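> If you're matching them up, the sequences are chains V and Y in order.
Residue numbering for the first sequence follows numbering that gives the first Met the number 0, beginning at 0 and increasing consecutively.
Residue numbering for the second sequence follows numbering that gives the first Met the number 0, beginning at 0 and increasing consecutively.
Just so you know, nobody snuck in bad clues.
Calculated from the model, a selection of chain V residues having no Cβ within reach of chain Y, i.e. all distances over 10 Å:
(1) 52
(2) 61
(3) 71
(4) 77
(5) 78
According to the in silico footprint, chain V covers these stretches of chain Y (three or more CB under 8 Å from chain V):
(6) 12-24
(7) 96-103
Chain Y is faced by these chain V residues, among others (derived, beta-carbon under 10 Å):
(8) 12
(9) 20
(10) 25
(11) 68
(12) 86
(13) 87
(14) 89
(15) 97
Simulated from the structure, these hints should not be mistaken for laboratory data.
Owing to the predicted nature of the structure, the values given are computational and were not obtained by experimental measurement.
From the three backbone atoms N, C-alpha and C, an ideal C-beta is built for every residue, glycine too.
2 protein chains.
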Amino acid sequence: MTEAVANSTRTCDASLTRAFGVLGKRWNGMILSVLSDGPASFSEVRRAVGGITDSVLSDRLTELAGLELVRRSVSEGPPVSVHYELTDGGRALLPVLDQLGAWAHTHLEHSA
Amino acid sequence: MTEAVANSTRTCDASLTRAFGVLGKRWNGMILSVLSDGPASFSEVRRAVGGITDSVLSDRLTELAGLELVRRSVSEGPPVSVHYELTDGGRALLPVLDQLGAWAHTHLEHSA
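Using the sequences and the hints, build the whole thing.
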C-alpha cells in the first residue's frame, strides 16, 4: 500500500525457490512424508500415496534419489527385495512437514 | 526393512495432503513467499516470482484468494490500484516457509 513497499525490489529467496523446485512438484512431498514411517517397497509407497501411476512414482523416486533425499537399497534374498528410505537430508525435512501439516489443519480446513 | 514396517498400513496424513494440494502446485509457494514482504501489485508479484505468465499468475492468485490465503484489495484512486496481500492464514505459513528455505539451503545445495 505504501510507496516504500511499491518501490521495493522483491526477489524470491533462492533456497525457497530450490525447495519448491522439489516440493512444488506433485507427489514429491507426499512420497517423502510416506517414507517418514521407515523404509518401504515401491508398492507400499504407491498404495500409501494413492492415485499415482507406476511410471510417475518411478520417475519421482529416481529424482528424489538423485537429490540424495531418498536412498534405494537392495536386500539380497532370496527373495531379493528393494526398499526406499529417507537419507539424512530427507529426514531433516520431516519436522518442516509436521509444521506444514499443522498449518494446513488450521488454515486449509475448508478447502477441497 | 523389518516385517513390522513392511506390514504397517501407511496413509498419507490428510492435512499434509491438503497442504500439498496447494503448495505442490507450481508457483503457489513462491507467490505466498513474495507477498511476505507486504502488499504488492500484480506486476510486482510477477516480476518477483519470475518466469510466470500473466494468465497463470492470475489463476493462482484467484485460487489463493479462494482458499483465503491471499486477499485482493482495491484502493480508490485516482489512480485506482489493486494490491494482493496475505491473510492471517497466509501469514501463518511464513514461519514454515522460513524453515523450508533453511532446509533447502542445507540439503539441496547441490541441485540445479
